[in-house]
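First to last, the sequence lines map onto chains S and Z. Numbering-wise (our numbering), the first sequence opens with residue 83 and increments by one. Numbering-wise (our numbering), the second sequence opens with residue 61 and increments by one.
Derived from the structure by calculation, the hints contain no laboratory data. Just so you know, these numbers come straight off a predicted model, no measurement behind them. Be aware that a few hints might be false.
Stated by the list, open to error - Here are the in silico distance ranges between beta carbons for each label pair:
1) Ala621(S) with Ser67(Z): 43 to 53 Å
2) Glu573(S) with Leu121(Z): 51 to 61 Å
3) Asp578(S) with Ser67(Z): 54 to 64 Å
4) Asp483(S) with Glu102(Z): 45 to 55 Å
5) Val150(Z) with Tyr581(S): 51 to 61 Å
6) Lys173(S) with Ser67(Z): 39 to 49 Å
7) Glu102(Z) with Gly449(S): 26 to 36 Å
8) Val150(Z) with Glu817(S): 51 to 61 Å
9) Thr112(S) with Val71(Z): 37 to 47 Å
Said to hold, decoys possible - The following residues of chain Z were derived to be distant from chain S, with all beta-carbon distances above 10 Å:
10) Leu91
11) Asp128
12) Gln165
Said to hold, decoys possible - Among chain S residues calculated to face chain Z with C-beta under 8 Å, some are:
13) Leu83
14) Val84
15) Glu239
16) Ile745
Just so you know, even glycine gets a beta-carbon here, dropped at the ideal spot from N, CA and C.
Take a look at the letters that make up each chain.
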Amino acid sequence: LVGAAKYADDLVFPGAWYGATIRSTDAHATFTALQLDPGFDWSTVVVVTSADIPGDNVVSSIKADQPILVPIGGEIQHHAEPLALLAAPDKATLRAARQAAHVVTSTLPAVFDPLVSDHVFAVYELASGDLGAAFAAADFVLEGEYRVGHQEQLYIENNAMIAVPSDDGGVTVHGSLQCPYYVHTALKRGLAMDDRQARVVQAETGGGFGGKEEYPSIIALHAALLAQKAGRPVRMIYDRHEDLAATTKRHPAIVRHRTAVTRDGRLLAQDIEVVMDGGAYCTLTPVVLSRGAIHAGGPYRCPNVRIRARATQTNTPPNGAFRGFGAPQVQFATETHLNRIAEALGLSPLEIRRRNVYRPGDTTPTGQVLRDSVAGEEVLERAAEASEFERLRARHDAARDRRAGSGTVPASALRTTRERVASGVGLALAWHGAGFTGSGEVKLASVVSLELTAEGEIRILTASTEMGQGTKTIFPQLVAEALDVPIEAVEIAPQDTAYVPDSGPTVASRTAMVVGGLLIGAAKRLRSQVETATGGTFAATYRDHAKVHGTTRVDQHFEPYPGVGFDDATYRGDAYPAFGWAACVAQVDVDLDTGEVHVRDVVAADDIGRVIHPVLAEGQVEGGTLQAVGYATIEEIKLRDGRYLNDRLATYIIPTSLDAPRITTIFVEAPFDAVPHGAKGVGELPMDVGAPAVVAAIADATGVWISDLPASPERILAALAGVAAVAPLPPGASEPAR
Amino acid sequence: MTVYRFSVNTVPVQVNVPGMRRLLDVLREELALTGTKEGCGEGECGACTVLIDGRPVDSCLVPVCQVDGASVSTVEGLATAGLTADAPPVLDGLQAAFLQAGGAQCGICTPGMLMAARAYLDEGGGPDEDAIREAIAGNLCRCTGYTKIIEAIALAARAGG
């Protein structure tokens, strides 16, 4: 706020050199040679190739498929793939060195279509009931195909990492990152280092949204390799162009629905196929797909379900984590499809949801019985009421009827001479599993520590990172409440792997619920330990206790929530300990001449369990909603020959303050009882509902359904005119090379 | 290399650099004022917004030769030092409003946002929401959805800037 916070690029390391990455300009090729121009003075430059990697040439992740640098003779799998590294004492020398290093390749045929790719990263299938019988008995069946493309996280601070060699042959990296221990694991493997030699320190982080979940590992490895070879600190600071061109995006997806319903709109059967484009390497794709598969049916009771999900490889830059993690893609499809069913049956979007939304006691496609903390119905009613959804809808119906056929295209909703702007309102509902999927949390085995230091200070030790969402506010708040001390009495240790235990990654909306819960557990134990020893209250006696007993440290280990279990082999059981629920009503104005959409107003009702900090929680809903509005309307990566074409901020557009709707947030609190504070997680929920609500509002305004995101002016005009041929390429698809 | 003289946050400074060096780099690297951030380097995001003679500009697009003799204000100049050496700085009304309303999340857009808002308020801008949206339209934020930033600026406007 006063300009004093130090982000990675603000840190000064005397004598540091500047690093750069030499990247491929092919989508698929053999890396034949790296030629260093003999006319250039290479004596002041460090060059790193895969031959300099002391450990495994692997970026540690779910699969060992992604190299740190493609070896000479190895296969380049995507455009902008790292091939070699350079470091120089100043930026001018670095620039000159880059121009003097030439990459020689021989191209290979590339695959860009995830539907035809035969390289499968992951497959899941969920089934319950009897699909055939249900379709035979249905009053109405609707099929639909929905496509969504890449979305860039677009944190305003680009990726940045600085590596500093240490005396013990190790390296310390300071960087912009979400998950210190992901980077730590990657450094140990790639550099053949032990736990102490590899050290990771989080700098202030200017936004993450998933984009700094797994990708920082490779940047840290690159910076560390250069620093080791140069014997001095090396700064690897991406500019916006490099960040956009090379780093992970939200997975594009193709989702097909075939749905059977009764005449009164009750779901009988859902047959859903999800195909995600993983990009060139596996990264976190199986986990993204898993969340996508489990959420694909939406928050609705349905006795007969088949969900088939697969993710395949294409020769495009790898896709990875982004707020929502597979759920926004599939729930855009589910919600839009359900809205189309409602329209076909002459039912209100609100009414069809009332008839199908999960209630306590219902069973999900993985066989999970939703026992408590089920608030789908409540968020739906609250959002619809606060936004006056039905009243607005009736008004738009009348306006649409008045316009129909009055324009230049027969029977279409194109403008009349009088009304250029059409208004619409749309509704969407979603669920979002809180925390890791399936057995993930048990496998993570997170640890947090709480210290009463000899100096009488109360210190929180976790690897959970602050990136704007408020970790550093809510953790002290939770601990202070549990110890009954003022919040100022609690401090938080830096996110430095030399000091803090592995409390798991800062992802999956798990920080408040899981790590916060562990901290309260630790605080309760610390409190009882001190109170037993002193006979007084913690608040009154902890300073004296510290003087007498020195440092007291409590380590709290994750234990499975009672009654929550998941079987990875059968893919059955409790996919999440609890679900958050969200409803969103969006109001839009569509310009019938230009196809431009302005999202005017959003009412968001979210059940996030017990609200810990209302202002921060609202900030999460507002920010997530705007990212969803961007996803719905303007954010699109265009590709040619597997390369992102709009890889600058001038061409990849995100919403400004003028594009942002007025957002009203309503919290519903259905606490999760297995954690002491009842919190469920808020970060990702709003991302699931925004896009389908906006697309429903566009349909309410114009009478046409947009099935591909974003609902760009081109797609809207093509749909209004009923001319598929003028529509742009499907989202995520690559034009051939020119 | 040329010597340029201008003021930063009312303090006279002198730098000896190539004239086409970006003001952003001069501030961050020559003057160690790292409060001003780079988000895109092409004038799209506004993270590097500073005031030149009171007007908001993207410092990544301004060569230092253009500010010779000018008065530059950065985020570091908003707050004033506390009364004693170890007292916290006294926040400017806008900074206090951002703190109160929750207008900063990750904080990387905040310096630029504050400077754009400062210019708006200094020009006599009021609490009107549409006017505030217009004033900060050149400053991208990915965390907040802008709602609480707009609230904060309106709050500061109502408190007299």
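So, going through the hints one by one against the coordinates:
Hint check: Ala621(S) to Ser67(Z), Cβ distance near 50 Å, so the stated range 43 to 53 Å holds. In this structure the hint that Glu573(S) and Leu121(Z) lie 51 to 61 Å apart at CB is violated, the actual value being about 41 Å. In this structure the supplied range 54 to 64 Å is violated for Asp578(S) paired with Ser67(Z), their Cβ-Cβ distance being about 39 Å. For the pair Asp483(S) and Glu102(Z), the beta carbons lie near 47 Å from each other, so the given range of 45 to 55 Å is met.
Between Val150(Z) and Tyr581(S) the CB atoms are about 33 Å apart, so this pair departs from the stated range of 51 to 61 Å. Taking 39 to 49 Å as the suggested C-beta distance range, the pair Lys173(S) and Ser67(Z) does not conform, at roughly 27 Å. Checked against the hint of 26 to 36 Å, the C-beta distance between Glu102(Z) and Gly449(S) comes to roughly 52 Å, which is inconsistent with it. At about 56 Å, the beta-carbon gap between Val150(Z) and Glu817(S) stays in the expected band of 51 to 61 Å.
One distance hint, 37 to 47 Å for the beta-carbon pair Thr112(S) and Val71(Z), is violated here, with the actual separation near 57 Å. The claim that Leu91(Z) is not at the interface with chain S holds, since no C-beta of that chain comes within 10 Å of its own (minimum 12 Å). At the 10 Å boundary, the C-beta of Asp128(Z) stays outside the reach of chain S, the nearest C-beta of that chain being 23 Å off. In this structure Gln165(Z) is not separated from chain S by more than 10 Å, as the shortest Cβ-Cβ distance comes to only about 3 Å.
Against a cut-off of 8 Å between C-beta atoms, the interface hint on Leu83(S) holds, since the closest Cβ of chain Z lies about 5 Å away. Annotation: Val84(S) was flagged as interfacial toward chain Z, and the flag holds, the nearest CB pair being 5 Å apart, inside 8 Å. Given hint, Glu239(S) at the interface with chain Z, holds; its Cβ is 4 Å from that chain's nearest Cβ, closer than 8 Å. A least Cβ separation of about 5 Å between Ile745(S) and chain Z falls short of the 8 Å threshold, and the interface hint therefore holds.
Comparing the model with each earlier hint shows violations of hints 2, 3, 5, 6, 7, 9 and 12; every other hint is respected.
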